[in-house]
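Peer 1: Based on the sequences and whatever the hints tell you, model everything.
If you read the protein sequences in the order shown, they are chains A and B.
Per the working numbering, the very first residue in the first sequence carries number 130; after that it's consecutive.
Per the working numbering, the very first residue in the second sequence carries number 130; after that it's consecutive.
Hints listed in this document are in silico derivations from the structure and should not be mistaken for laboratory results.
Some hints could be false.
Where chains are identical, the list cannot tell them apart; a pair therefore holds if satisfied intra-copy or between any two copies.
[What the hints assert, rightly or not] Mimicking EDC-like on lysine to aspartate or glutamate, the simulated pairs with C-alpha atoms at most 20 Å apart in a straight line are:
(1) K398 with D297
(2) K407 with D209
(3) K354 with E295
(4) K174 with D159
(5) K398 with E295
(6) K354 with D297
(7) K342 with E373
(8) K398 with D357
(9) K249 with E373
If you're wondering where the values come from, they're calculated on a predicted model, not measured in any experiment.
Listed here are the chains, written in short residue letters.
Protein chains: 2
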Amino acid sequence: MSKWVAGIDIGGTNTVVGLVNHKGLIAYRDKLKTEDYATPEELVKAICLSIKKGELQLEVRVSAIGVGAPSGNFYHGTIDHAPNLKWKGVIPLASLFVKASGIKTVVTNDANAAAMGEMKYGAAKHMRDFLYITLGTGVGSGIVANGQLIYGHLGFAGELGHVIIEKDGRICGCGRQGCVEAYCSAPAIVFTYHEISKTKQEITATEICELAKNGDKYAIETFNKTGDWLGFALANSVAHTGPEAIILFGGPTAAGNLLIDPTQNSLEKNLLYVYRNKVKILRSSLPESDSAILGAASLV
Amino acid sequence: MSKWVAGIDIGGTNTVVGLVNHKGLIAYRDKLKTEDYATPEELVKAICLSIKKGELQLEVRVSAIGVGAPSGNFYHGTIDHAPNLKWKGVIPLASLFVKASGIKTVVTNDANAAAMGEMKYGAAKHMRDFLYITLGTGVGSGIVANGQLIYGHLGFAGELGHVIIEKDGRICGCGRQGCVEAYCSAPAIVFTYHEISKTKQEITATEICELAKNGDKYAIETFNKTGDWLGFALANSVAHTGPEAIILFGGPTAAGNLLIDPTQNSLEKNLLYVYRNKVKILRSSLPESDSAILGAASLV
Chain A
130 MSKWVAGIDI
140 GGTNTVVGLV
150 NHKGLIAYRD
160 KLKTEDYATP
170 EELVKAICLS
180 IKKGELQLEV
190 RVSAIGVGAP
200 SGNFYHGTID
210 HAPNLKWKGV
220 IPLASLFVKA
230 SGIKTVVTND
240 ANAAAMGEMK
250 YGAAKHMRDF
260 LYITLGTGVG
270 SGIVANGQLI
280 YGHLGFAGEL
290 GHVIIEKDGR
300 ICGCGRQGCV
310 EAYCSAPAIV
320 FTYHEISKTK
330 QEITATEICE
340 LAKNGDKYAI
350 ETFNKTGDWL
360 GFALANSVAH
370 TGPEAIILFG
380 GPTAAGNLLI
390 DPTQNSLEKN
400 LLYVYRNKVK
410 ILRSSLPESD
420 SAILGAASLV
Chain B
130 MSKWVAGIDI
140 GGTNTVVGLV
150 NHKGLIAYRD
160 KLKTEDYATP
170 EELVKAICLS
180 IKKGELQLEV
190 RVSAIGVGAP
200 SGNFYHGTID
210 HAPNLKWKGV
220 IPLASLFVKA
230 SGIKTVVTND
240 ANAAAMGEMK
250 YGAAKHMRDF
260 LYITLGTGVG
270 SGIVANGQLI
280 YGHLGFAGEL
290 GHVIIEKDGR
300 ICGCGRQGCV
310 EAYCSAPAIV
320 FTYHEISKTK
330 QEITATEICE
340 LAKNGDKYAI
350 ETFNKTGDWL
360 GFALANSVAH
370 TGPEAIILFG
380 GPTAAGNLLI
390 DPTQNSLEKN
400 LLYVYRNKVK
410 ILRSSLPESD
420 SAILGAASLV
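Peer 2: As structure tokens, this is what we get:
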């Protein structure tokens, strides 16, 4: 008999629910609008109802719940001061799930969950040392070393989006200056495009990506500069954990080689010689939310 | 009956041999001049003779040998292109030991070995997540996460001395520019002192340390700036592995709070808020070569 678990990906905009078997098959999926729920309790209740629905449809029972959430703390089962969620403070997420469903629940950071999914089913399959970087509204990351996710002493390891790459640089959402996130997130890409094109037109990173693919020189230059910054940051990260590969995930990676090539070039240029030509940059091989669902599911 | 192992610390200048029991007692010590030996084979032979001497003196048998060496590669048992040793290329160190002694041998990077020693017997006792930074001719490091040393895919993880902190900055021995090593090693401290005092007098980092303790304003300013750079670098490192503490080791740490205080201040100033006031900077609590001997011994 197959064992089923629920993998949940809570994001600032959407929350995705999946029921996953031990082979990594996501047999049931559901999507909720995170912002529709006034309190974490209400969101958790809605997720548990959705899980129940999935159990009925598949005629199975879920034995555990794994949750990936922004600022998710693996040790405490909490969401700690997430800047991209409207709920402030420390949210005892795992307890809320247990209270609502009676099912054992494990919580981790969304990027960590996605890194786990990638290791079990995606581009990092069979790798024991890799970096997983999510480019989106922010820049998140999961670090796997010795085949294990690194959580750090307080559960906050792998904040590569908040490594400072430009002293006195751009203001970052975290309140400091010069973080990777201020140069390589989707909003940062828009900022760079405005700088280069000397325009202020309303545009999204996705649209800049389309422009670049159609040969727009400002858009291409935007991805070149983004890759320059990202590659520099990653060269310093490689000096920390010596990974086999770096997996990029998220909207801006749709630019493909327009982003990957300048990133790899900048990486090589800035790497310590012992690492040169030895660290691959790959795109995630899993569809959008699958890595987080599968990763969250694989926590339990 | 006590089990005995040999812990060896190979440095550019000296090689230290220790015989260690399972309680971490170094009951026999010997020192060789690394540079006295023309080939790695001759050094290994001399080390094995010294081990033999120790066995006779203590009336014990050594069951395994652990070696910490610059650019030591744990996976391959080799020294790979060590810039601070006169022997070039890849040296099959573990094989040389087995050939000369018949005893099972494990090799690792010298800073990694020292980090292990610190975790078993020193300032990092009972810690599962910490950074170990050696300040000397170069800047080395060992990263422990989830209670394990991080070796990385190729065995070269933890090169924090070669994280770039100043783009287009000082030339580093590695051939690049702006590395931590070019700002925080003992020779870099001398360089900074020359810059600040606008002199070119021949002086060592140890002498600058003495000057600082006696109130010399240039020397004090030198350690302030060194701490500024080091704290900045460490703030970025904390964002990677989220350690409980950072342990500093090596000659320049003799400056005590003249180095620790500006380092801690710069660390706090540059840390992402979730880590603030949560990461201690400590000095190694083990005597000079003991951490490496004990760490090398604990490998086996």
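Peer 1: Please go over all the hints and tell whether each is borne out by the structure.
Peer 2: Structure-based check of each hint:
no. : hint           : result
1   : K398 with D297 : between (23 Å within a copy, 13 Å between copies)
2   : K407 with D209 : between (36 Å within a copy, 15 Å between copies)
3   : K354 with E295 : both (13 Å within a copy, 18 Å between copies)
4   : K174 with D159 : within (14 Å within a copy, 67 Å between copies)
5   : K398 with E295 : both (17 Å within a copy, 15 Å between copies)
6   : K354 with D297 : both (18 Å within a copy, 17 Å between copies)
7   : K342 with E373 : neither (29 Å within a copy, 45 Å between copies)
8   : K398 with D357 : within (10 Å within a copy, 26 Å between copies)
9   : K249 with E373 : within (16 Å within a copy, 29 Å between copies)
Checked against the numbered hints given earlier, the structure breaks only hint 7 and satisfies all the rest.
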